[in-house]
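In our numbering, the protein residues as written are 1 to 467.
Worth flagging that the hints you see were computed from the coordinates, not collected in a lab. One or more of the hints may lead you astray.
As the list claims (entries may be wrong) - In the DSSO-like style, the derived pairs of lysine-lysine whose C-alpha atoms are separated by at most 30 angstroms in a straight line are: (1) Lys-312 - Lys-93; (2) Lys-237 - Lys-312; (3) Lys-20 - Lys-237; (4) Lys-93 - Lys-448; (5) Lys-20 - Lys-221; (6) Lys-453 - Lys-93; (7) Lys-169 - Lys-453; (8) Lys-169 - Lys-221; (9) Lys-221 - Lys-453; (10) Lys-169 - Lys-93; (11) Lys-237 - Lys-221.
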Amino acid sequence: MKAKKRTNELDMCNGPLLGKLLRFSVPLIFSGILQLLFNSADIIVVGQFTGSDAMAAVGSTSSLNTLIVNLFLGVSAGGSVVMARFYGAQDWKDVEEVAHTSILLGFLSGTVLIFVGCFLAEPLLVLMGTPADVLDQAVLYMRIVFLGMPAMMVYDFGSGILRAVGDTKRPLLFLFCGGVINVGLNLFFVIVFHMGVAGVAIGTVLSQCTSAFLTVRCLMKSDAAYRIQLRHLRIVKDKLWYILRVGVPAGVQGAVFSISNVLIQSSVNSFGSTVVAGNTAASNIEGFVYTAMNAFYQASLNFTSQNVGAQKVERIVPILCRSLLCVVVVGAGLGSLAVLFGPQLLHIYSGDPEVISCGLDRIHVICLTYFLCGMMDVTCGSIRGLGPALTPTVVSLAGACGLRIVWIYTIFAANRTLFVLYLSYPISWLVTFAAHFVCFCLFFRRWKQRVNKTAAIEAARQPGESA
1 MKAKKRTNEL
11 DMCNGPLLGK
21 LLRFSVPLIF
31 SGILQLLFNS
41 ADIIVVGQFT
51 GSDAMAAVGS
61 TSSLNTLIVN
71 LFLGVSAGGS
81 VVMARFYGAQ
91 DWKDVEEVAH
101 TSILLGFLSG
111 TVLIFVGCFL
121 AEPLLVLMGT
131 PADVLDQAVL
141 YMRIVFLGMP
151 AMMVYDFGSG
161 ILRAVGDTKR
171 PLLFLFCGGV
181 INVGLNLFFV
191 IVFHMGVAGV
201 AIGTVLSQCT
211 SAFLTVRCLM
221 KSDAAYRIQL
231 RHLRIVKDKL
241 WYILRVGVPA
251 GVQGAVFSIS
261 NVLIQSSVNS
271 FGSTVVAGNT
281 AASNIEGFVY
291 TAMNAFYQAS
301 LNFTSQNVGA
311 QKVERIVPIL
321 CRSLLCVVVV
331 GAGLGSLAVL
341 FGPQLLHIYS
351 GDPEVISCGL
361 DRIHVICLTY
371 FLCGMMDVTC
381 GSIRGLGPAL
391 TPTVVSLAGA
401 CGLRIVWIYT
411 IFAANRTLFV
421 LYLSYPISWL
431 VTFAAHFVCF
441 CLFFRRWKQR
451 VNKTAAIEAA
461 RQPGESA
């Protein structure tokens with residue numbers, strides 16, 4: 001296979017780190033923003049042209065959708081880690097097998113999600129305590145959106161392959177094309193055909209199909225080792241196991257995080273549909289801050305994984321330090337802007353003063369402390385890049401999810417206010433970051449000792465071999 005450097009790829013194993021981290025992360029930031037616009041466009045369009053009930057219906061599904069999808073997105077991240085590891089080691093046959101396994105796995109995962117979403121939508125939304133006046137619309141929206149899951153999964157697994165080799169620009173382009181289509185179709189279906197939540201759901205599905213098609217087409221036209229050939233699509237068992245070993249714990253972590261968010265959403269639902277609408281709008285604004293920070297999680301994950309594959313010990317700690325610096329600057333900066341312009345931003349979603357007031361209650365607590373979440377994620381990404389998959393999951397579940405759930409049933413139960421409910425987020429982020437940092441130091445030292453021991457053994461063998 002060809003191993004020459006390509007203009008869309010990024011050499012993560014040599015040269016200055018900060019500039020390359022930014023080159024990798026900035027397109028991911030815009031990609032994440034466009035991904036959020038898929039759902040935000042749905043909420044804005046139905047909020048402005050259908051009403052607050054429709055907006056609450058779409059928003060009430062977000063935590064549940066994330067809960068169901070996160071397990072499979074974690075597996076996608078596992079595919080990216082494995083791809084980066086083999087790419088850094090220049091094992092081209094393994095790169096090819098991981099690429100084909102990932103794409104097929106993505107399609108199969110999306111197919112499973114169709115049935116999961118369609119059959120479980122109503123009972124799960126009822127279990128969450130979704131307000132009765134928006135339940136039917138929420139079920140309809142969720143069922144239609146899940147019909148597009150194969151396309152969503154193929155895009156995510158395919159873009160994970162490209163991220164692993166440092167290409168974050170083309171996934172951004174593909175997502176932009178899908179985003180433009182999504183906004184246009186939302187407006188068309190809602191304004192012209194008065195289809196409400198069904199219209200925005202159909203627009204989202206069609207936009208995801210567009211992004212998936214462009215991603216697969218890009219991979220099929222590549223001349224690199226990760227080129228996709230449809231006749232070669234197959235599940236390679238050892239690569240599947242490697243991907244699942246890394247990805248399933250990450251997916252379980254994301255899913256359980258979502259369970260805690262579902263519990264919080266259920267608590268929010270108990271305050272009524274106006275609070276739900278305000279919480280929905282605020283959550284979408286926060287999402288733009290989070291996705292900017294998440295780009296540095298992806299950077300720490302992929303940079304660390306490639307350098308582990310190349311056994312570049314001296315670059316691992318600087319990768320973490322520079323990623324933490326970037327995520328603090330971006331998280332604190334954007335979070336402060338969200339607080340400063342909160343009323344204006346919330347007005348985009350709804351003109352109802354009560355909805356805006358409820359949204360501000362959330363923004364003032366979450367956005368000012370959001371950089372803590374970024375620090376937690378970046379450190380977790382560096383640990384996963386080093387190789388351990390189960391430990392960061394256990395730490396995250398205990399430190400963030402467990403603490404958050406305990407908070408809901410103790411502190412919040414005794415003080416049922418939105419402020420107390422939202423305060424569970426920053427406290428859980430800080431505790432989990434501290435635990436992750438300790439784990440990173442331990443795992444890095446252990447890996448460094450193994451690399452040095454292997455190098456010493458190889459050096460000892462060479463004189464005898466040459467003799």
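These are the hints, each one checked on the structure:
{"no.": "1", "hint": "Lys-312 - Lys-93", "result": "holds, 22 angstroms"}
{"no.": "2", "hint": "Lys-237 - Lys-312", "result": "holds, 29 angstroms"}
{"no.": "3", "hint": "Lys-20 - Lys-237", "result": "violated, 34 angstroms"}
{"no.": "4", "hint": "Lys-93 - Lys-448", "result": "holds, 27 angstroms"}
{"no.": "5", "hint": "Lys-20 - Lys-221", "result": "holds, 26 angstroms"}
{"no.": "6", "hint": "Lys-453 - Lys-93", "result": "holds, 27 angstroms"}
{"no.": "7", "hint": "Lys-169 - Lys-453", "result": "violated, 38 angstroms"}
{"no.": "8", "hint": "Lys-169 - Lys-221", "result": "holds, 16 angstroms"}
{"no.": "9", "hint": "Lys-221 - Lys-453", "result": "violated, 42 angstroms"}
{"no.": "10", "hint": "Lys-169 - Lys-93", "result": "holds, 25 angstroms"}
{"no.": "11", "hint": "Lys-237 - Lys-221", "result": "holds, 25 angstroms"}
Checked against the numbered hints above, the structure violates hints 3, 7 and 9; every other hint is satisfied.
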